[in-house]
Amino acid sequence: RRFVPIITGAAAVVLAGVFGFIWPPIQDAIQSAGQWIIDAGAVGVFVYGFLNRLLIPLGLHHVINSFIWFVFGEFTTAAGEVVTGDLSRFFAGDPSAGFFMSGFFPMMMFGLPAAALAMYHSAKPENKAAVSGIFLSVGLTSFLTGITEPIEFSFMFLAPVLYFIHAVLTGLSLVVTYILGIQHGFGFSAGAIDYFLNYGLATRPIMIIPIGIAFFAIYYFLFRFAIEKFNIPTPGRLDAETADAGVSVMPETQQQKNGASKSESDSIGKSKAYIEALGGKDNIKRLEACITRLRLEVEDSSIIDEKALQKLGATGVLKANKNNAQVVVGTKAEMIADDINAELKKMKE
Numbered sequence: 001r002r003f004v005p006i007i008t009g010a011a012a013v014v015l016a017g018v019f020g021f022i023w024p025p026i027q028d029a030i031q032s033a034g035q036w037i038i039d040a041g042a043v044g045v046f047v048y049g050f051l052n053r054l055l056i057p058l059g060l061h062h063v064i065n066s067f068i069w070f071v072f073g074e075f076t077t078a079a080g081e082v083v084t085g086d087l088s089r090f091f092a093g094d095p096s097a098g099f100f101m102s103g104f105f106p107m108m109m110f111g112l113p114a115a116a117l118a119m120y121h122s123a124k125p126e127n128k129a130a131v132s133g134i135f136l137s138v139g140l141t142s143f144l145t146g147i148t149e150p151i152e153f154s155f156m157f158l159a160p161v162l163y164f165i166h167a168v169l170t171g172l173s174l175v176v177t178y179i180l181g182i183q184h185g186f187g188f189s190a191g192a193i194d195y196f197l198n199y200g201l202a203t204r205p206i207m208i209i210p211i212g213i214a215f216f217a218i219y220y221f222l223f224r225f226a227i228e229k230f231n232i233p234t235p236g237r238l239d240a241e242t243a244d245a246g247v248s249v250m251p252e253t254q255q256q257k258n259g260a261s262k263s264e265s266d267s268i269g270k271s272k273a274y275i276e277a278l279g280g281k282d283n284i285k286r287l288e289a290c291i292t293r294l295r296l297e298v299e300d301s302s303i304i305d306e307k308a309l310q311k312l313g314a315t316g317v318l319k320a321n322k323n324n325a326q327v328v329v330g331t332k333a334e335m336i337a338d339d340i341n342a343e344l345k346k347m348k349e
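Quick note: the sequence shown uses our numbering, first residue 1, plus one each step.
Simulated from the structure, these hints should not be mistaken for laboratory data. Hints are not guaranteed to be accurate.
[Said to hold, decoys possible] Derived DSSO-like pairs: lysine-lysine, alpha-carbon spacing no greater than 27 angstroms straight-line:
| hint | residue 1 | residue 2 |
| --- | --- | --- |
| 1 | 281 | 322 |
| 2 | 322 | 345 |
| 3 | 322 | 285 |
| 4 | 345 | 285 |
| 5 | 281 | 332 |
| 6 | 332 | 346 |
| 7 | 307 | 348 |
| 8 | 128 | 281 |
| 9 | 332 | 319 |
| 10 | 285 | 346 |
| 11 | 229 | 281 |
| 12 | 285 | 319 |
| 13 | 124 | 229 |
| 14 | 285 | 348 |
| 15 | 345 | 319 |
| 16 | 319 | 348 |
| 17 | 322 | 307 |
| 18 | 281 | 346 |
| 19 | 285 | 307 |
| 20 | 348 | 332 |
| 21 | 348 | 322 |
| 22 | 345 | 307 |
| 23 | 322 | 229 |
| 24 | 307 | 319 |
| 25 | 229 | 285 |
| 26 | 322 | 332 |
| 27 | 128 | 307 |
Please read these numbers as outputs of a predicted model, since none were measured by experiment.
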């Protein structure tokens with residue numbers, strides 16, 4: 001019991017000394033790269049948009065976002081307050097801010113919903129009814145709120161080249177809005193809600209609509225062509241898919257006997273199906289949720305059944321290492337996590 005914290009503390013002291021020497025040049029490199037992106041004009045906004053999408057699988061997009069949105073660039077308000085970062089400066093009234101946010105609106109409001117529509121149209125006829133709800137929900141989520149992970153994880157690992165092209169298109173979207181002098185911003189993400197809320201603060205925001213329509217067409221035809229040409233197994237293209245496959249629900253008579261409503265029984269059945277797909281109750285050490293993902297600490301991530309999770313509605317599974325994994329389930333992540341944790345508690349009592 002004592003050995004682990006003792007050796008951890010000793011190792012931390014040694015590592016602190018080592019990083020005290022090696023981190024400053026790394027920090028300087030990050031600072032220089034970020035400053036170059038800010039100063040490089042159209043090339044800089046392209047690189048930022050491209051990296052913003054490309055780093056999502058690793059979660060490192062938050063690093064570059066933090067520097068661009070909250071650190072680089074300064075603006076002094078009328079009250080004498082110094083504000084830094086593209087996002088903060090935009091809301092403080094800096095006339096030069098917003099270029100590093102504007103280009104996300106065409107991609108999130110139009111591009112990715114078009115990709116969802118293309119994946120729906122590419123699904124097998126017998127599966128369209130089962131996947132229509134999934135694509136409708138993830139498309140609307142991206143359009144309204146700018147939450148894109150449910151769509152992106154549905155093709156990120158199935159078609160890495162297609163995801164790479166998506167990253168390139170994101171960079172190009174930022175370039176187009178930059179060249180046209182469009183400045184817009186968001187407090188949460190580049191969805192329709194932020195678009196209209198901050199419309200009065202923006203410069204030439206109406207131009208985002210025709211640009212978005214153009215990107216809608218580009219995304220739709222590109223995704224439709226790639227999926228069908230290379231037979232990419234996006235949701236709905238596998239045989240015999242159902243929206244709730246793998247969910248065991250008690251018979252109606254048993255529900256009535258136990259005094260449980262059908263919705264409660266469905267929730268319990270789906271939670272049990274999730275637990276089974278995640279390797280069973282003994283494999284799950286800890287489960288939490290963020291906005292769109294279940295974050296898990298497990299005994300062995302290799303036994304997680306990705307196909308079963310996809311049949312339950314998950315759009316992506318990311319196994320970081322043997323003991324950590326993430327499941328992309330959309331904006332119901334917290335509700336699903338609560339149901340699973342409640343069922344786990346019952347199982348372990």
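Hint by hint, here is what the structure shows:
Pair hint residue 281 plus residue 322 holds up; C-alpha atoms about 17 angstroms apart against a cutoff of 27 angstroms. Pair hint residue 322 plus residue 345 holds up; C-alpha atoms about 24 angstroms apart against a cutoff of 27 angstroms. Restraint check: the Cα-Cα separation between residue 322 and residue 285 comes to about 12 angstroms, which is no more than 27 angstroms; the hinted pair holds. Of the pairs offered as hints, the one joining residue 345 and residue 285 holds, with about 12 angstroms between alpha carbons and a cut-off of 27 angstroms not exceeded.
Taking the CA atoms of residue 281 and residue 332, the gap is near 21 angstroms; set against the 27 angstroms cutoff, the hint holds. The suggested pairing of residue 332 with residue 346 holds, with an alpha-carbon distance near 22 angstroms, which does not exceed 27 angstroms. Between the alpha carbons of residue 307 and residue 348 the distance comes to roughly 26 angstroms, so the proposed pair stays at or under 27 angstroms and holds. Of the supplied pair hints, the one linking residue 128 and residue 281 is violated, its CA atoms being roughly 33 angstroms apart against a limit of 27 angstroms.
With a CA separation close to 20 angstroms, the supplied pair residue 332 and residue 319 stays within the 27 angstroms bound. Distance check on the hinted pair: residue 285 and residue 346 sit about 15 angstroms apart at the alpha-carbon level, within 27 angstroms; holds. Of the supplied pair hints, the one linking residue 229 and residue 281 is violated, its CA atoms being roughly 41 angstroms apart against a limit of 27 angstroms. Distance hint between residue 285 and residue 319 is fulfilled; the C-alpha atoms sit about 15 angstroms from each other, no more than 27 angstroms.
Note on residue 124 and residue 229: the hinted pairing holds, with a Cα-Cα distance of about 14 angstroms set against a maximum of 27 angstroms. This hinted pair checks out: residue 285 and residue 348 have alpha carbons roughly 12 angstroms apart, not beyond 27 angstroms. A distance of roughly 24 angstroms separates the Cα atoms of residue 345 and residue 319; the hinted pair therefore holds under the 27 angstroms criterion. Restraint check: the Cα-Cα separation between residue 319 and residue 348 comes to about 25 angstroms, which is no more than 27 angstroms; the hinted pair holds.
At most 27 angstroms may separate the alpha-carbon atoms for a hinted pair to count; residue 322 and residue 307 meet this at roughly 18 angstroms. With a CA separation close to 10 angstroms, the supplied pair residue 281 and residue 346 stays within the 27 angstroms bound. Proximity of residue 285 to residue 307 is assessed by CA-CA distance (about 21 angstroms); at most 27 angstroms being required, the pair is judged to hold. With a C-alpha separation of about 24 angstroms, the suggested pair residue 348 and residue 332 falls inside the 27 angstroms cut-off, and the hint holds.
With a C-alpha separation of about 23 angstroms, the suggested pairing of residue 348 with residue 322 holds against the 27 angstroms cut-off. Restraint check: the Cα-Cα separation between residue 345 and residue 307 comes to about 25 angstroms, which is no more than 27 angstroms; the hinted pair holds. For the given pair, residue 322 sits about 35 angstroms from residue 229 by alpha-carbon distance, which is inconsistent with the 27 angstroms threshold. With a C-alpha separation of about 14 angstroms, the suggested pairing of residue 307 with residue 319 holds against the 27 angstroms cut-off.
This hinted pair does not check out: residue 229 and residue 285 have alpha carbons roughly 42 angstroms apart, beyond 27 angstroms. A distance of roughly 26 angstroms separates the Cα atoms of residue 322 and residue 332; the hinted pair therefore holds under the 27 angstroms criterion. A C-alpha spacing of about 18 angstroms is found between residue 128 and residue 307, which places the hinted pair at or below 27 angstroms, so the restraint holds.
Hint check: violations occur at hints 8, 11, 23, 25; the rest are consistent with the structure.
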